[in-house]
Amino acid sequence: MALASELPAQSDRWTTFANTLKKRAFRSPSDSFTSVFIFGLMLYMAWTLIDWAILSAVWRAEDVEHCANAGGACWSVIAARHRLILFGLYPFEEHWRSTLACLAIVATVVLSCLPRFWSTSRLVTLWIVGFGAYVVLMDGRLIGQPIVTTDQWGGLALTLFMFSAVVLLGMPLGLLLALARRSKLPVVRGAASLLIDFIRSLPLLTTLFAAAVVIPLLLPDWLNGDKIWRVIVGFALFFACYQAEVFRGGFQAIPKGQFEAGKALGLTPFQTLSRIVMPQVFRHALPSTINMVVVTFKETAIVIIIGFFDVLASANAAFGTVEWAPYYIEVYAFVGAIYWIFIFSLSQYGEYLKARMAVAKR
Amino acid sequence: MDAAALKLRRSRRDMLVQALLVVFVVLVIWVAISTAHTNLTELNMTSGFGFLERATGWSYSFSLIDRSIDDSYSRTLLIGFLNTLFLGLICIVLSTILGFAIGTARDARQLGLNALATVYIQLFRNLPLILQLVFWYAVLIHMPGPRQAFTMGEVAFLSNRGLMLPGFNVSPTVVLAMFAVIALLAVVIFRQKSLQPVQKLLLWLVSGSGAMLLLAWIFAPADSSIFSIPAQQGLRFRGGIGVPIELVAMILAITLYGSAYIAEVVRGGLNEVPSGLTEAGKALGLSSRAIWFHVKMPMALRTIMPPLGNQWIFIMKATTLGVAIGFSDLFYIVSTSITQSGQTLELMGLLMLSFLLINYSLAQLVNFMNARLALKGH
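Residue numbers (the working numbering), protein chains in the order written: chain V, 1 to 362; chain W, 1 to 378.
FYI, nobody ran anything at the bench for these hints, they're computed from the structure.
Note that this is a predicted model, so its numbers are computed, not measured.
Please note that the accuracy of each hint is not assured.
What the hints assert, rightly or not - A few chain V residues that face chain W, going by a derived Cβ cut-off under 7 Å, partial list only:
hint, residue
1, ALA25
2, SER35
3, LEU185
4, PRO203
5, ILE305
6, TYR332
7, GLY336
8, TRP340
To be verified - Capping the alpha-carbon separation at 25 Å, the derived lysine-lysine pairs in BS3-like fashion look like this:
hint, chain 1, residue 1, chain 2, residue 2
9, V, LYS256, V, LYS354
10, V, LYS23, W, LYS282
11, V, LYS256, V, LYS184
12, V, LYS256, W, LYS7
13, V, LYS22, W, LYS282
14, V, LYS184, V, LYS263
15, W, LYS7, V, LYS263
16, V, LYS184, W, LYS7
For glycine and all other residues, C-beta sits at the position ideal for the given N, C-alpha and C.
Let the sequences and hints guide you as you build the complete structure.
Have a look at this one:
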């Protein structure tokens, strides 16, 4: 281990930076030329973007008529339509409920990233509380507010709802499938493998389409439920089949001796699983699980195809009038930024966990 | 209780659990079939595949082979299947090439190149594919019309009608023959053991384009040139190959998204190559290009191949998003057929079967490549 004195001091940061530049960007004349060209290009692109998005942009909703002549973005469309994009057709005067509900989901995701919540019981409690808070707030009947039915939920609020419902439902289902696939009973194992491989080889859209359109033909009416719940169950099945493979990887990383040790201590198979094996499996599977969660958040966007009014659909509606039609780029940029911030932070967190675990393994 | 009795009890319990599962599955299937039967009789629907011979009576945006609205359902579905394969293969090839380039740039020592590749990956990987798709589609349909089309040297044009590209002045059959010849050349050339990979690739490119030119020269109509170059004529273009706007948007979106993922796979593979090998290459006086081709890439490919195969399958599945912008891939054709004919179960079955077939074949191909790459004796 390096002594403290050998580590670069704060003031040496600049020298290190300069050295890196010298080594990696200006080592030879041709190298310097490439660097100057690329950095110049990047600066130019960044400047164009800043000029478009900030310096020459129109910001206030009342300034629509200035937009046509402005050289930059017309954020007026966002100023005027952000409520539609975020909450869809949810009743206007009840938007505070949608806002709180979205915050509940975001808080749930953020809290589950903190190590102090990393136990099965805490995570389950957290997600049920967060998800429950969302449903209670959006629906409204339990808190004595006007009832808003699911067909009026929309925008970012609907995207977050689908996402959290899929993860909450899919996680235990995935664990169950992973256990079934490892079962020593051939029929159970075979059925699980067949289901997992089948769902994984189909496009998600096919599964969702089947849930929305085919299932009503196959199940008696009383079993059908709302379209939104059928789609969520279909989506959760998709999530579970991928997550089952993630868990399987986790199981494979546990040495056989751990199971035997549990047996030798006189624990029942269930106790061995829940007290010894599962905590380790979760730990191993954590980075890939984060990955799956990120993918799920991204993939919720395709529910627009089967007719849900999610954040992408409400974005399309936001520039759907004659007045706002020319400003589709601004709307997509706004929605893109929402997705990007969510997905980027989550996947960076996954990378951080992966790195942390690599250190722990050494 | 003695050990034998315990064992018997356990095996009985195991049998019971499995039997219950079988009963449950059979029950679900039976309920599904009987409900479907009553539902379909109520709706006065016929079941079975007889509808496949009926004419569809509707049209769609893109087809590789001749089509008309009198086509039967089976031919329309075949066209959708071919469109999906065609789009998938183009996107696989393009995003693999772009992904390898960007993955290498991400691994590069050059700081600028590295930064550019990182920005690219972070931008395209962290946005939903469908958002990117509808964005590009919106951008493309807001392009200027044919009169003010963007042009590249007056041979290719991009307007809100789509992309016009120069092509050979021959019939589709000859184009098919060209692809067959190119494929045959690939098989022959890549079997040669005495050639380096780069030499093989170069030889294939040269001989392939030579063969294409030769075929075009033989089969082109006598009174016109062998190339067909698009030219503006009033509000439309004449000659050349027209790529509809939906296809351009699909290729653009899937390629940009897929290549960002493949780039990460490639970087991961390059990272796994021990640095001692690269240093040994340097010590031997190899250029950095030679090190990449002869040391790094052959080693990295073993790590890259399995996740790369997954990405290929992902790209194939991603073609289904075409339905969002009206590109007539298999999913689009199937969902339109369902609304038009009502044969939901049969059509969904065919859709699932097609994707199982495509993905299974791709997986087999990747397995084969993987086996060829594996170190002997490992």
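Hints, one by one, checked against the model:
Because the smallest distance between the Cβ of V:ALA25 and any Cβ of chain W comes to about 4 Å, under 7 Å, the interface hint for this residue holds. With a least beta-carbon distance of about 5 Å to chain W, the hint placing V:SER35 at the interface is held under the 7 Å criterion. This hint holds: V:LEU185 has a C-beta 5 Å from the nearest C-beta of chain W, less than the 7 Å allowed. Satisfaction of the interface hint for V:PRO203 is found here, the shortest Cβ-Cβ separation to chain W being roughly 4 Å, below the 7 Å cut-off.
Contact between V:ILE305 and chain W, as hinted, is supported at the beta carbon level, the nearest pair being about 5 Å apart and thus within 7 Å. Because the closest C-beta pair between V:TYR332 and chain W is about 5 Å apart, less than 7 Å, the hint holds. For the restraint placing V:GLY336 at the interface with chain W, the shortest Cβ-Cβ distance is roughly 6 Å, inside the 7 Å limit, so the hint holds. Hint status for V:TRP340: holds, given a least beta-carbon distance of 5 Å to chain W, under 7 Å.
Restraint check: the Cα-Cα separation between V:LYS256 and V:LYS354 comes to about 24 Å, which is no more than 25 Å; the hinted pair holds. Using a Cα cut-off of 25 Å, the hinted pair V:LYS23 and W:LYS282 holds, with the two alpha carbons roughly 17 Å apart. Annotation: proposed proximity of V:LYS256 to V:LYS184 holds, straight-line Cα distance about 15 Å (limit 25 Å). A C-alpha spacing of about 22 Å is found between V:LYS256 and W:LYS7, which places the hinted pair at or below 25 Å, so the restraint holds.
Of the supplied pair hints, the one linking V:LYS22 and W:LYS282 holds, its CA atoms being roughly 20 Å apart against a limit of 25 Å. For a cut-off of 25 Å, the pair hint linking V:LYS184 to V:LYS263 stands: about 17 Å separates their Cα positions. A distance of roughly 16 Å separates the Cα atoms of W:LYS7 and V:LYS263; the hinted pair therefore holds under the 25 Å criterion. Straight-line distance between C-alpha atoms of V:LYS184 and W:LYS7 comes to about 15 Å, which keeps the hinted pair within the 25 Å bound.
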